[in-house]
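**Student:** Sequence:
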Amino acid sequence: MTDEKFPGWHGTTILAVRRGGKVVVAGDGQVSVGQTVMKGTARKVRRLAPGGHDVVVGFAGSTADAFTLLERLEKKLEAAPGQLARACVDLAKDWRTDKYLRNLEAMLIVTDGREIFVVTGAGDVLEPEHDVAAIGSGGNFALAAARGLMQGDLDAEGVARGAMAIAADICVYTNGNLTVEVLG
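Read in the working numbering, the sequence shown has 13 at position 13, and its numbers run on one by one without any break.
Be careful, since some hints might not be right.
List time: in silico DSSO-like cross-link candidates among lysine-lysine, alpha-carbon distance up to 30 Å [claimed, not checked]:
1) Lys93 to Lys75
2) Lys75 to Lys22
3) Lys22 to Lys93
4) Lys99 to Lys75
Simulated restraints on C-beta separations [unchecked claim]:
5) Lys99 to Gly21: 40 to 48 Å
6) Thr120 to Ala144: 13 to 21 Å
7) Arg114 to Asp153: 17 to 25 Å
8) His130 to Thr97: 14 to 22 Å
9) Gly152 to Lys99: 46 to 54 Å
No lab work stands behind these hints: they were computed from the structure. Just so you know, these numbers come straight off a predicted model, no measurement behind them. We put the CB at the ideal spot given by N, CA and C, even for glycine.
Could you put the whole structure together from the sequences, leaning on the hints where they help?
**Tutor:** Structure, rendered in structure tokens:
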């Protein structure tokens, strides 16, 4: 948000890496307002288990907006168990067309350990190329670092942790306090 009530809220780097039969989602813990770190240990990666199917979601943007979207996604997953792509597309359609949801400011990375999707309020449901996806203010740094680290022998978690460390060294809105979830 950038209005007078919430000037310059920044912070979040979320990264998903698929490698060797595993998907790792990592998120940093920093929330900043302008030039001030408001919190360094926020948890922006969550595990959902609708209908017994593990799904991991990382979010960037407004926390309240993200939790609204997580609740909606969970309902979509309960209605279509095991169909992550369908649930993400249905969420994106609602997000894009619903008058209330349209104003939500967040982005999501969603995975079930097989598929990875980036879901946006513009109605996008994107599958990443190169088995790496990233969102948030440090997302491009983490994405570039992860793609480079994928050239080596690290496993999925090693790539994710290494890329997040590089992003934290470069982006002032990213820290090294990670939440890491592994599927697969």
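**Student:** For each hint, tell me whether it holds in the structure or not.
**Tutor:** Outcome of the hint check:
1. Lys93 to Lys75: 14 Å, holds
2. Lys75 to Lys22: 25 Å, holds
3. Lys22 to Lys93: 29 Å, holds
4. Lys99 to Lys75: Distance ~19 Å between Lys99 and Lys75 Cα, so the pair holds.
5. Lys99 to Gly21: 40 to 48 Å: 42 Å, holds
6. Thr120 to Ala144: 13 to 21 Å: 20 Å, holds
7. Arg114 to Asp153: 17 to 25 Å: 23 Å, holds
8. His130 to Thr97: 14 to 22 Å: 31 Å, violated
9. Gly152 to Lys99: 46 to 54 Å: Given a distance of about 47 Å, which is inside 46 to 54 Å, the answer is holds.
Of the hints listed earlier, the one the structure fails to meet is number 8.
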